[in-house]
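Undergrad: From first to last, the protein sequence lines stand for chains A and B. Each residue of the first sequence is one higher than the last, beginning at 1 in this note's numbering. Each residue of the second sequence is one higher than the last, beginning at 495 in this note's numbering.
One or more of the hints may lead you astray.
[To be verified] Counterexamples of contact, computed for chain B against chain A with all Cβ distances above 12 Å:
#1 520
#2 629
#3 671
#4 677
#5 684
#6 686
#7 696
#8 698
#9 753
#10 797
[Stated by the list, open to error] Listed below are several chain A residues computed to face chain B (Cβ distance under 10 Å; list not exhaustive):
#11 93
#12 358
#13 437
#14 438
Hints in this document: simulated from the structure, not taken from any laboratory. Even for Gly, the Cβ is constructed at its ideal location relative to N, Cα and C.
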Amino acid sequence: MALSTSLLVIEDLSLSFSESQVLKSICLTLDKGQIQAIVGENGAGKSSLFKCIMGIISPSSGDISFLGNRIQNSSIREILTAGISMIHQELLLIPELTVAENIYLGREFSEGQFWGISDINGRVQQLFDQYGLDIPVDIPVKELSIANQQIVEIMRAVSQGAQVILMDEPTSSLTDVEVKFFGQLIRTLRDAHVGILFTSHKLEEIFEFADVISVLRDGEMVGTYDVHALNARTLVQKMVGRDMADFYPFTETIPGAVLLELENVGLSGVFEGINLQVRAGEVLGLAGLVGAGRTDIGQSMLGIKPHTEGKMTYLGKEFTPKHPAEAIALGMGYLGEDRKELGMIPEMSVGENMTLGLMQFFQKFQWILPNPEQAKTKELQTKFNIRVKSGQQKMEQLSGGNQQKVLFGRMLINNPACMVLDEPTRGIDVVSKFDMYQLIQEMKKDGKGIVLISSDMTELLQMSDRIVVISKGKQRGELLRKDATAERVLQLAL
Amino acid sequence: MKKIFLKSPTGGIFVALVFVCLLFSGLTSKFFTPMNLSVILNQVSVNAILAFGVTFVIISGGIDLSLGSLLAVCGVVVALLSQQGEFPLAFAFLLTLVVGVLMGAFNGFVVVLTKVPPFIVTLGTMTIGRGLALLLSNGRPISDLNESLNVLGNGTVGGIPIPILFLIGSFIICQIILTKTVFGRYVKAIGGNEMAAFVSGVRVNRIKIYVYMLSGFFAALAGILLTARINTGQPNAGLGFELDAIAAVIIGGTSTRGGKGTITGTLLGVLFIGVINNGLDLINVSAYWQQVIMGGIIILAVVLDLVYQKLKK
Numbered sequence: 001m002a003l004s005t006s007l008l009v010i011e012d013l014s015l016s017f018s019e020s021q022v023l024k025s026i027c028l029t030l031d032k033g034q035i036q037a038i039v040g041e042n043g044a045g046k047s048s049l050f051k052c053i054m055g056i057i058s059p060s061s062g063d064i065s066f067l068g069n070r071i072q073n074s075s076i077r078e079i080l081t082a083g084i085s086m087i088h089q090e091l092l093l094i095p096e097l098t099v100a101e102n103i104y105l106g107r108e109f110s111e112g113q114f115w116g117i118s119d120i121n122g123r124v125q126q127l128f129d130q131y132g133l134d135i136p137v138d139i140p141v142k143e144l145s146i147a148n149q150q151i152v153e154i155m156r157a158v159s160q161g162a163q164v165i166l167m168d169e170p171t172s173s174l175t176d177v178e179v180k181f182f183g184q185l186i187r188t189l190r191d192a193h194v195g196i197l198f199t200s201h202k203l204e205e206i207f208e209f210a211d212v213i214s215v216l217r218d219g220e221m222v223g224t225y226d227v228h229a230l231n232a233r234t235l236v237q238k239m240v241g242r243d244m245a246d247f248y249p250f251t252e253t254i255p256g257a258v259l260l261e262l263e264n265v266g267l268s269g270v271f272e273g274i275n276l277q278v279r280a281g282e283v284l285g286l287a288g289l290v291g292a293g294r295t296d297i298g299q300s301m302l303g304i305k306p307h308t309e310g311k312m313t314y315l316g317k318e319f320t321p322k323h324p325a326e327a328i329a330l331g332m333g334y335l336g337e338d339r340k341e342l343g344m345i346p347e348m349s350v351g352e353n354m355t356l357g358l359m360q361f362f363q364k365f366q367w368i369l370p371n372p373e374q375a376k377t378k379e380l381q382t383k384f385n386i387r388v389k390s391g392q393q394k395m396e397q398l399s400g401g402n403q404q405k406v407l408f409g410r411m412l413i414n415n416p417a418c419m420v421l422d423e424p425t426r427g428i429d430v431v432s433k434f435d436m437y438q439l440i441q442e443m444k445k446d447g448k449g450i451v452l453i454s455s456d457m458t459e460l461l462q463m464s465d466r467i468v469v470i471s472k473g474k475q476r477g478e479l480l481r482k483d484a485t486a487e488r489v490l491q492l493a494l
Numbered sequence: 495m496k497k498i499f500l501k502s503p504t505g506g507i508f509v510a511l512v513f514v515c516l517l518f519s520g521l522t523s524k525f526f527t528p529m530n531l532s533v534i535l536n537q538v539s540v541n542a543i544l545a546f547g548v549t550f551v552i553i554s555g556g557i558d559l560s561l562g563s564l565l566a567v568c569g570v571v572v573a574l575l576s577q578q579g580e581f582p583l584a585f586a587f588l589l590t591l592v593v594g595v596l597m598g599a600f601n602g603f604v605v606v607l608t609k610v611p612p613f614i615v616t617l618g619t620m621t622i623g624r625g626l627a628l629l630l631s632n633g634r635p636i637s638d639l640n641e642s643l644n645v646l647g648n649g650t651v652g653g654i655p656i657p658i659l660f661l662i663g664s665f666i667i668c669q670i671i672l673t674k675t676v677f678g679r680y681v682k683a684i685g686g687n688e689m690a691a692f693v694s695g696v697r698v699n700r701i702k703i704y705v706y707m708l709s710g711f712f713a714a715l716a717g718i719l720l721t722a723r724i725n726t727g728q729p730n731a732g733l734g735f736e737l738d739a740i741a742a743v744i745i746g747g748t749s750t751r752g753g754k755g756t757i758t759g760t761l762l763g764v765l766f767i768g769v770i771n772n773g774l775d776l777i778n779v780s781a782y783w784q785q786v787i788m789g790g791i792i793i794l795a796v797v798l799d800l801v802y803q804k805l806k807k
């Protein structure tokens, strides 16, 4: 019986690199038409598991079978042809080619025609109609949103006849609305008997999409559970191995003086008419869809994208930063939305990353003073419990959560009075998220003013004292914590 | 031993350099003599000084193709200023260095303000510079120079040829700038991730302009040294020198994508090219074949470095 419904069966799979054991006797079964979430902290072994399945790395021992055939010694190509595909976090599409061309990439000549398959547009259109997709097939992929690009990649897998699709954090760069659509799509795939394995750091989505949840911790399979047998708290408990009472810590504080004030601030063509105040000891949430202008508003507060209209006041003085260095010198802090792009220098050491842009505190004339610099970075590493081998370790070798803490540490070297945090918990594991929330609370109690931009609705609602909703570059309203619900925020944001 | 070798960022090129030295020592007894080693150092001094300067540009993620032309302009300028000893030599040097720095600043400003890729900008200034050198000299070599200038190019201090002292001095200065100053740190940061550096408050544009000025400064220094050595201001001097310098930097392990590189690596790269040229001369390989071999070796060196980087991981 089991044979007829199981697509993928993994038995006793182990993987070790030189000394460290990455995966320990993993057992996992994926059935036809099942959506299974693989959850765990960063470093729990999720990516390694996926890589083993795809034949990118070979396991040290154990069995992987697909439809009853052992596949663990097959090449990537053989596995793809057999019917297993993977959607990577970084999409692998060619931006200049059209949607249809991307879907048929590498298979144009597969049917033996000299000129290639003539009617790929028609074929792809047919496929899209079948799945109810409203994406033009003949425009270059670069003109699509990230969400649609991802759908194209999924449809490529489908058109190749994939029966198992692995998805590594498929929703990490999608907006709420896009996530809903993504959910519909994978349910359609499920109805077509495709088996889906996905990873995610967002608990809500795991519970919304998954039929069963497999929990990995330190390379071991903690267990596979029916989605109804778990709730957020018990799931986190299984992931972390201990109980975390208040995932979203929140302390009531009485907001103090206005630190930063925006009056009718705008940036031509991007956003306009923004009026808001950031007070000491409060978290001001900026809600809105991706692309609504929240990031741009945050960046104009730092002079990354200097505002062109209206007036900004910081600590009682007119504030028109033209360069981030000016804003930082006056005591603003910034944690960018995408740490790979806006935050870290991957090749440089952890210490050098922490003090980037802040060398004025560790220099005499042009001369770097290594001792105070190392003392400060050590202090921050201990304070934030950043797991590094040494301050000399390269930034790229750290996990996402630790990288984010390094960048948070950088922001605090300056002791800013007011800080803009753009998606501070994106793509980091549950424990690091929890640490980040506690840090934000501490900063708040310390009397800092915090602007929190987040696409994670629960996070935004739970952490903010007030929420300002932005839509299409305009301010749509302000909600106090007690009045803010997901529905009201979405109503204003749409 | 293997560990030390793999840990050092310049391990690959260092081993290659030792290898070619051993090879030539085996092939000819003329190679490994104090005299010949001093000749090699003397020969590479101009290329080394150019290469040190452009290392900063390449680490910052840019490129400077105008080096050879800047060298020519500065060589002509210093020659004009020191003809028949009209000015004190120190004044001539100072003015020439200023010219080099200003031309570097021009590169930097255009790159920063127009956002045109540095490859294109410096390709333009390469031609502009060559034209200026020909204009200033009327297309003819400038001779009858101050005799002290000749001493600078061909004299010795304590038995060491003066160009080698310049090489050592430039090496130390560049090494210090890159590893001990905030400027050096930020150059690496910009090459590693320009956007992140900007958002963190690094004055990216300013640093980029300084980087091209530094490159211009060392091109001027190299120009002075070359004019002093050949005792003439040659408007056609330095043709293709930028390519030798860039090759040395890349052989020395500096990434063309920016973000990482060392001055020591560049020095080793310069020596590597110098040793091969010298060794091939000694074993009487024709100049034409030397070029073919040199090109092949440059490709090989970069490939080996890639293999080495993988080994390290």
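Undergrad: Taking the hints in turn, state whether each one holds.
TA: For each hint, the structure was consulted:
With a least CB separation of 38 Å from chain A, residue 520 of chain B remains clear of the 12 Å interface cut-off, as annotated. In this structure residue 629 of chain B is separated from chain A by more than 12 Å, as the shortest Cβ-Cβ distance comes to about 37 Å. Not every CB of chain A lies more than 12 Å from the CB of residue 671 of chain B, the least distance being 8 Å, so the non-interface label is violated. Not every beta carbon of chain A lies more than 12 Å from that of residue 677 of chain B, the smallest distance being close to 6 Å; the non-interface claim is violated.
The Cβ of residue 684 of chain B sits about 9 Å from the closest Cβ of chain A, inside the 12 Å cut-off, so the non-interface label is violated. Not every CB of chain A is more than 12 Å from the CB of residue 686 of chain B (nearest about 4 Å), against its label as outside the interface. Taking the minimum C-beta to C-beta distance to chain A, about 5 Å, the non-interface status of residue 696 of chain B is violated against the 12 Å cut. Chain A draws residue 698 of chain B into its interface by the beta-carbon criterion, the shortest separation being 9 Å against a cut-off of 12 Å.
With a least CB separation of 5 Å from chain A, residue 753 of chain B falls inside the 12 Å interface cut-off, contrary to its annotation. The beta carbon of residue 797 of chain B sits about 21 Å from the closest Cβ of chain A, which is more than 12 Å, so the claim that it is off the interface holds. The restraint placing residue 93 of chain A at the interface with chain B is violated, with a minimum CB-CB distance near 23 Å, outside the 10 Å limit. Interface hint at residue 358 of chain A: satisfied, since its Cβ lies 7 Å from the closest Cβ of chain B, which is below the 10 Å cut-off.
Because the beta carbon of residue 437 of chain A sits about 23 Å from the nearest beta carbon in chain B, more than 10 Å, this interface hint is broken. For residue 438 of chain A, the interface hint is violated, since its Cβ never comes within 10 Å of a Cβ in chain B; the closest pair sits about 24 Å apart.
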